[in-house]
Amino acid sequence: MEILVASAIAVLTTCGVYLVLRRRTFPVILGISLLSYAVNIFLFSTGRLVQHLPPILIKHGHTSYTDPLPQALVLTAIVISFGMTALVVMIALGAFLSSDEDEIDMKDTPESGEAQ
Amino acid sequence: MSLILIALLPFLGAFLPPLLIRAGRNAAAWSAGLTTLLALVGLLTHAPEVFSGQVVHTRIEWVPGLGLNANFFLDGLGLLFAGLILGIGLLIIVYARFYLSRQDPMGQFYAYLLMFQGAMVGIVLSDNILLLLVFWELTSLSSFLLIGFWKHLPEGRQGARMALTVTGMGGLAMIAGLLILGQIAGSYDLSVILTQKDVIQASPHYLAALILILIGAFAKSAQFPFHFWLPHAMAAPTPVSAYLHSATMVKAGLFLMARLWPVLAGTEAWFYIVATTGLVTMVLGAKIALFKDDLKALLAFSTVSHLGLITMLLGFGTKIAAVTAVFHIINHATFKAALFMTAGIIDHETGTRDIKRLGGLRKLMPVTFAMAALASLSMAGIPPLNGFLSKEMMLEEAAHTVWWHSHYILPALVVIGASFSAAYSFRLIAHTFLGPERSDYPAHPHDPGPGLWLPPALLVSLVVLIGLFSSVIVGPLVAIASQAVIGDAKLPYYSLKIWHGFTPALYMSAFATVAGLFLLWQHKALERLWNAAPRPEAKTIFDAGVGVVSRLSDRITATLHDGALTRYAAIFTVFTLVMGLYAYFTGTLPAAQSAMTDIDALAVVGWVCLVVSASCVVVFHRNRLLALVVIGVTGLMVSLLFNYFSAPDLALTQISVEVVTIILLLLALNFMPKTTPVASTLQRRARDLVIAGTAGLGVGGLAYAILRGTFSQPSISEFHLANSYKGGGGTNVVNVILVDFRGFDTFGEIIVLGIAAVVIFALTEAILASNVRAKLLNRKPDRQRAGDAHPLMMVVVTRVMMPIALMVGVYIFFRGHNLPGGGFIAGLVVAIAFVMQYMASGFAWTAARQTFPYHGVIGSGVLIAAATGMGAWFNDLPFLTSAFGYVYLPGLDKFELATAALFDLGVFLAVSGAVLLALESLARYAWQPGIEPEHPMDINPERDDPPLDNTEKAEV
Numbered sequence: 001m002e003i004l005v006a007s008a009i010a011v012l013t014t015c016g017v018y019l020v021l022r023r024r025t026f027p028v029i030l031g032i033s034l035l036s037y038a039v040n041i042f043l044f045s046t047g048r049l050v051q052h053l054p055p056i057l058i059k060h061g062h063t064s065y066t067d068p069l070p071q072a073l074v075l076t077a078i079v080i081s082f083g084m085t086a087l088v089v090m091i092a093l094g095a096f097l098s099s100d101e102d103e104i105d106m107k108d109t110p111e112s113g114e115a116q
Numbered sequence: 001m002s003l004i005l006i007a008l009l010p011f012l013g014a015f016l017p018p019l020l021i022r023a024g025r026n027a028a029a030w031s032a033g034l035t036t037l038l039a040l041v042g043l044l045t046h047a048p049e050v051f052s053g054q055v056v057h058t059r060i061e062w063v064p065g066l067g068l069n070a071n072f073f074l075d076g077l078g079l080l081f082a083g084l085i086l087g088i089g090l091l092i093i094v095y096a097r098f099y100l101s102r103q104d105p106m107g108q109f110y111a112y113l114l115m116f117q118g119a120m121v122g123i124v125l126s127d128n129i130l131l132l133l134v135f136w137e138l139t140s141l142s143s144f145l146l147i148g149f150w151k152h153l154p155e156g157r158q159g160a161r162m163a164l165t166v167t168g169m170g171g172l173a174m175i176a177g178l179l180i181l182g183q184i185a186g187s188y189d190l191s192v193i194l195t196q197k198d199v200i201q202a203s204p205h206y207l208a209a210l211i212l213i214l215i216g217a218f219a220k221s222a223q224f225p226f227h228f229w230l231p232h233a234m235a236a237p238t239p240v241s242a243y244l245h246s247a248t249m250v251k252a253g254l255f256l257m258a259r260l261w262p263v264l265a266g267t268e269a270w271f272y273i274v275a276t277t278g279l280v281t282m283v284l285g286a287k288i289a290l291f292k293d294d295l296k297a298l299l300a301f302s303t304v305s306h307l308g309l310i311t312m313l314l315g316f317g318t319k320i321a322a323v324t325a326v327f328h329i330i331n332h333a334t335f336k337a338a339l340f341m342t343a344g345i346i347d348h349e350t351g352t353r354d355i356k357r358l359g360g361l362r363k364l365m366p367v368t369f370a371m372a373a374l375a376s377l378s379m380a381g382i383p384p385l386n387g388f389l390s391k392e393m394m395l396e397e398a399a400h401t402v403w404w405h406s407h408y409i410l411p412a413l414v415v416i417g418a419s420f421s422a423a424y425s426f427r428l429i430a431h432t433f434l435g436p437e438r439s440d441y442p443a444h445p446h447d448p449g450p451g452l453w454l455p456p457a458l459l460v461s462l463v464v465l466i467g468l469f470s471s472v473i474v475g476p477l478v479a480i481a482s483q484a485v486i487g488d489a490k491l492p493y494y495s496l497k498i499w500h501g502f503t504p505a506l507y508m509s510a511f512a513t514v515a516g517l518f519l520l521w522q523h524k525a526l527e528r529l530w531n532a533a534p535r536p537e538a539k540t541i542f543d544a545g546v547g548v549v550s551r552l553s554d555r556i557t558a559t560l561h562d563g564a565l566t567r568y569a570a571i572f573t574v575f576t577l578v579m580g581l582y583a584y585f586t587g588t589l590p591a592a593q594s595a596m597t598d599i600d601a602l603a604v605v606g607w608v609c610l611v612v613s614a615s616c617v618v619v620f621h622r623n624r625l626l627a628l629v630v631i632g633v634t635g636l637m638v639s640l641l642f643n644y645f646s647a648p649d650l651a652l653t654q655i656s657v658e659v660v661t662i663i664l665l666l667l668a669l670n671f672m673p674k675t676t677p678v679a680s681t682l683q684r685r686a687r688d689l690v691i692a693g694t695a696g697l698g699v700g701g702l703a704y705a706i707l708r709g710t711f712s713q714p715s716i717s718e719f720h721l722a723n724s725y726k727g728g729g730g731t732n733v734v735n736v737i738l739v740d741f742r743g744f745d746t747f748g749e750i751i752v753l754g755i756a757a758v759v760i761f762a763l764t765e766a767i768l769a770s771n772v773r774a775k776l777l778n779r780k781p782d783r784q785r786a787g788d789a790h791p792l793m794m795v796v797v798t799r800v801m802m803p804i805a806l807m808v809g810v811y812i813f814f815r816g817h818n819l820p821g822g823g824f825i826a827g828l829v830v831a832i833a834f835v836m837q838y839m840a841s842g843f844a845w846t847a848a849r850q851t852f853p854y855h856g857v858i859g860s861g862v863l864i865a866a867a868t869g870m871g872a873w874f875n876d877l878p879f880l881t882s883a884f885g886y887v888y889l890p891g892l893d894k895f896e897l898a899t900a901a902l903f904d905l906g907v908f909l910a911v912s913g914a915v916l917l918a919l920e921s922l923a924r925y926a927w928q929p930g931i932e933p934e935h936p937m938d939i940n941p942e943r944d945d946p947p948l949d950n951t952e953k954a955e956v
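Chains as they are written, first to last, in the numbering used here: chain A, 1 to 116; chain B, 1 to 956.
Here chain B stands alone, though its shape is the one from the complex (with noise of 0.2 Å):
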């Protein structure tokens, strides 16, 4: 099986257990547990190859250029950790599946066991470190899902919070730490860094990015001083803690570590801060493990300190340390998880979990109290169980590390953390298990049924099997993750055995347990000690840090975004003139290159005109349809500029623009004051003015520079007139850029006038849905309505005009691609045919004829413009690759076919919709019960109410 679908399986299979959840709670555990299992399946198909020391690879290129690519490998470290998250996990599923009640929504609960499954396999997968980065905060989101999974409870809702926040502040330091190590390496692809160590050791920023990762690898395991959360994520269902906190998620770190190794591992600076951080970790965590009475919480401190004994072994730096730090991630993957399925077993059977109130359940639940002993002897250190291997082998190790020129500090400290490693795993088994029955559990306790016994069972048995023949068992496995770890070199050597001999690792650990029994014979007195001595709680102070945070982070938010829209502008404005101005003192201006046009008459008059009629809008603004109608001059002077300049198509555009745009305005006017008070003080008036008169001055000297300016390059307009005829089929060259050069520019255009259409469209829905429809209907207009609504000359001239003015646009459609016009024009033309008879003849009158949706009208244009840019397809051409001919037909002239014709009709339909479909919208306010007389004009050819009937009045 492709490694991709290895790690994609657990994302697909997570669809299936909420859909399942209908078919009853088994299926979903079924579902999930069979995706697993696929997984696991054809993750072993490729175990014979990695046995055999191949490396399994699977590559896709995904953004080369950016050095993006879905590259998997599996090598021994990658099918060690995977299975373990692929094997545990199917084990967590059965657990879970009894474990949960039927008051938790189960499907959701396997579809987030899932994703997070995926995401571990793929960070455990993935050659690529930018891959990896996605896959590790996909395994901080899914975990956060699965330690909220209670959200009814305040401390697993705070508990998610914490860990996201923890773990995804590592994930920020450590995307900084990879791409900085990728840049280093100068690729990145593991593949490639792994072979880099000696530039990337060489390198000024090994130490930065070294620090960054280790913050992210440090936070994701749990290690001082980012180990408080794993704690509070005990919040979490049982089967949850159990699957992150023994294999998986605080994995992740040490995972992190382990695989980049070769490469940041040996130097000074990786030593002094990776093996004291896990030492500190594991004296600390055993110390506070040893005084909890919640059993997830001694379990939870205990992890952290296994994860910074892992830690410190990966810290040493040397090959055996290594070996031992992987042997012990098998041993500890198998007795923590074992551990925390008992405590759910604990707590599922006798309603708590706190020791206190337990004791004597060694004959009530002989089964738990074998597995729980066993396991945590293994945690303990004790032989032959696979926990006292590994720990031999770290003693070992650590009785010959040198920490700060001293041959003493670090064994020595090592000793006490596993004295109270060794206490508190002995606690666990007597306060819970041992002395006295008691009378007040809170439910009767009992063994449970198999399927909460069996999956621990199956990992306590390894925990005695690895124990006992462990050369046999996980042997080959530790030998080739082992070599995965340590890279090129050669595998030092070791043994996985019980006994060495009287090493100085055993007078160790026969102290460590000596003393950890004195420690819990002990217990009482130093409980009394502990609970005077003054302590930090982390989530006080870490509470009150976020707090700080949030406030201050409002306080900044209050002040930059206070919702004054007009200061925002002037900011804007200000801040861009500030550019402009220092652009235009620091840089050179060259003098004018080209001499100045004539001045004629007609550019003055119309110049005059402009100016006049944009300051009346300025001067006049309080008055708004005064305004309106003055802005409607500015609008077609500046369509006359473009006329006079050599524009017309500009020209035609605005000035249908312009119609369109002032019905529009009018028609909003309708619902809105009519006039502006008064609301600015004089001096914010003349401060506005100084700023838009600066701006007014910055633009016009920049156009004039401009245009007195030459071209510094050659235009590639060039390309476009030399073109347009022999490639487009077409002399309107603006026309050919249009709907043929750049007409995927032209097509997203229609795409987003089409899709503003729409949310006005929307909008209008939502506002006529809201008590603002009541408020409408019982509009009294603001001013006189006039006597006739609908006169009787308009209305004729308008019908009259319709067809006209539709061929008109049909006219300026057709001779667009060789002449001024073409589908923008010709939509806006159609549409100003339509809204015509819309304001004569009301709307009622003209809805009622108009038959076609404006919606579909904008859809086919997008969608015809699209099917013709797809055409080119066929011919094995781009997208939107335009094709003409010349037809000739009996008694015609040639005429061209072209397929930018084609899609030009899609912008004349879509503009046309959109145009309609807004002006539509909005004098659909204007909608009011009886308002609209029945017929607009008296004589209308299809009229159909009966004839006034003078009989009957006679009669009256």
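The following block holds chain A by itself, in its conformation from the complex (with noise of 0.2 Å):
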């Protein structure tokens, strides 16, 4: 099972990385998406894989449970970066609007210095 969690892991880096390095604002920002992804599953991981023992106390029956705290600290990540998301989409699209341009190279030469 580990296998399998660290190759998607891999897959989602790679997938994401490679979008946040294309030219376009749209392929970055989903880009960015993978990567979290990524980043929130590795995160979770480090609490080791286990299944069917939620974090739920019960007061019969088994005592053992996953760990908590890793996914305490994805659930206000993930929340946290759709707040990200939509900060970069809204300036995506503003910058879009305002040059009809979506190219995130910036072009122009750098401003001349101050006039003594």
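The hints are simulated quantities; they were obtained by calculation from the structure and are not laboratory data.
One should not assume that every hint holds.
[As the list claims (entries may be wrong)] List time: in silico EDC-like cross-link candidates among lysine to aspartate or glutamate, alpha-carbon distance up to 16 Å:
(1) B:K363 <-> B:E437
(2) B:K356 <-> B:D440
(3) B:K674 <-> A:E103
(4) B:K356 <-> B:E527
(5) B:K356 <-> B:D293
(6) B:K780 <-> A:E103
(7) B:K674 <-> A:D100
(8) B:K780 <-> A:D100
(9) B:K292 <-> B:D440
(10) B:K674 <-> B:D782
Predicted model only: the values in this text are computed from it and were never measured.
Quick one: dock chain against chain with the hints and give me the complex.
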């Protein structure tokens, strides 16, 4: 099972990084989303892969649970990554609407220094 | 009055003049003057203690771990300097009131002046050297504002910039020096450092600390080779020059040297660096001053020269020289401030300060003449004025000083400097006031009103009185200040008097006076020589240096920061990979410690879906809509993965976030191109694929290594599992961690989310207010619209679903503490319930029925969370400590009430508000007049339009 999860993380990272290196805003946003998945699964997996033992305390029965801490971290990370995606989307959209251009590389030359 | 208050008063008072300037210039001046007077009185209340030999302390701990505290102390040296700063500051405030014209923004002027004053007082009262550094930098900044006060003058701006560059650079060196000093002494408190002389001078870092500190002090006190900024700072209004260059700013460097004298002085390095620099500065400054025609430039270079003199005295390292330095600091402050003010008067009344255009003012401005003459003669060192006394003591000291095995070099150079000093002082009198009256003054010269001449007159009377009755008037002050400079050692014998008998100093002094008169007599010939000789122009060199640095940084910035974001991303990834590879090849990786768990068929199916969908996103990323659909599959698989591995909360969160993210991206895609053109070459794509593949291998390998390894430390999760129910009252450990154990993190995160949403809203406002709006209004959809914008079935279903969805949200919220769910997930579910209405029934229809602003929802969420956290304070517990209890109501099962639930309510509101605000903002782009049918559903129970009138139609 470990090899499956690790390879899934690898594939998600590869796809994410490749898209992040594209020149248009939209693929980059998709790439960031894929990278977020990869990072979230990676963080989650540091608690090890456990089946059928959710961290919900029960009175009777088994007494071992999966690690709840990475889950709490990842839960907020998912919500925050939504905020980040939304913000980046809005910036990308504003830039495209103002300039009719969705390339992310700036083309203009560096501004001239202050006049003495 | 507390010392802290004395240092803070000017800063507090700095708010008054800009406010009161509306009530007139007098009100502004009064507020500044009274603030200063109050601080001065506060200082003087401590004078008796200080004169009796005590040191006044005020301590406030600030960041003890960093050695930062706000400790202030007042000893003789501090009293002397603070007295000069506040006393002369008061005179300057009066003088400036009458000097500045109506066009000058006087409120601003006094605000800057008071800030500067506060910073100076802070320097001289600080006990902690880090605190001293803060005030030191504040003087650089506020003096920048003062020197560049006449913003319309290019000289003013350039002079201010130069002063800031030079003193700021020196300040940086000094920070390093003082930090080293603090490290050596083991404390940043001056009162401790000053007791560590042996430790400091024996340290191998002594020389480094000394040189760095001296660079800072020399830059501030305009010592060679940093002296060039001071004359250019003369572009400031004269009151500023009089203040900064007589008693305050340039004396800060001297103050620091005097302050650290007990621990730094006395070594060979100190002697040769400080005394030599002072000597060179003194002679050079005096020589240049003789050939300056601008009154203020002459005074500027004479200031440089006198600062050199005091530096040299401190450099001698003998106790008696230190006493002389202290005495000369007082004398120089009095006569130089008076001279600057009289120069200002001359400028003000005659319209020029060019000596070549002046002369013969003796009869026209008798009061000014008297003041200028007395102050100049004091500067020249003529008895019985105060300048003479300290100069005699200085010459006496110099006569005994051996420099580089020679008894003669130093005295000879000092006498030359003194001769130039006498010469320019005499020239100031002779060429400005003596000689025939002229008829071509730019204005009709006359003595000014008392507002302008009283402040310098007060100082001139001090010049005379200190000269005549020195030991009575300043004797005790010199004694306590000198005692503070030389530290614990016993004060040497000295006497402040005019007649010391026929000493070498007297002969040297007499020689210098005669030589000065001779130089004045030969001034015309010397000036021709001076003008013929080539000499380096400091400003040109400085500008060239700044130019080189600025071009260099321009080039570096242009190369490194060229705006190619893809390149940044590539460099970042490659660099991270290189670091990872380095760690991999140099570190050791333990063998797999835990066995692999079995793979079942379901997991394989999920893995295939995940991998294929992620790959498809890349393969089809040029078709953006398709890529969006496929990435939805990826998100779904991620959510199932969480569920599969015992994380129901994560699965719920992931799936609901997935829904809103896809909707958000769809909305955005509406306005963006639907396809991505091929922009990169095949090579580049191959390169990116290699980078991405390596990154994937690295992260995957790391994940695998972690999964097969065991914990090196026991996990803190055990604590959470053990205490979740006992301490937090909930059985869903993840939720209890979020709202209880790590509640503060969650509090921060909902704030961040709220900020992101508000930023999105603000961006939308800004974009829609620009010319983009017209573009959006006239936009033609780039593909055909659906014939039915609001399909009936969808409208019906979503409206029916609305209460159910809300109820699910509430249910998830309430069960969150004990079962999977909670504020985050409930917030997302409720947000989706609302978004469904926007999607199905249209923006206008929903917006008309939605009456509360989403900002308010976010804000109330954060406030509820904060208030819950603060509630703990009332029980004397730290912020966000939770409490819970069980309630039994008749007819119901027992149920739990926890403050954590209230906190979770805040989370719920903030999350739902943020999601809705973000989506609503995006949806507003789509608004076009006339696109919304009045009713998205034909059968609307609320519809209010009149039924079709068939009879009317029939008639037509």
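> Of the hints given before, which are not true for this structure?
Replying inline: Result: hints 6 and 9 break, sorted rising.
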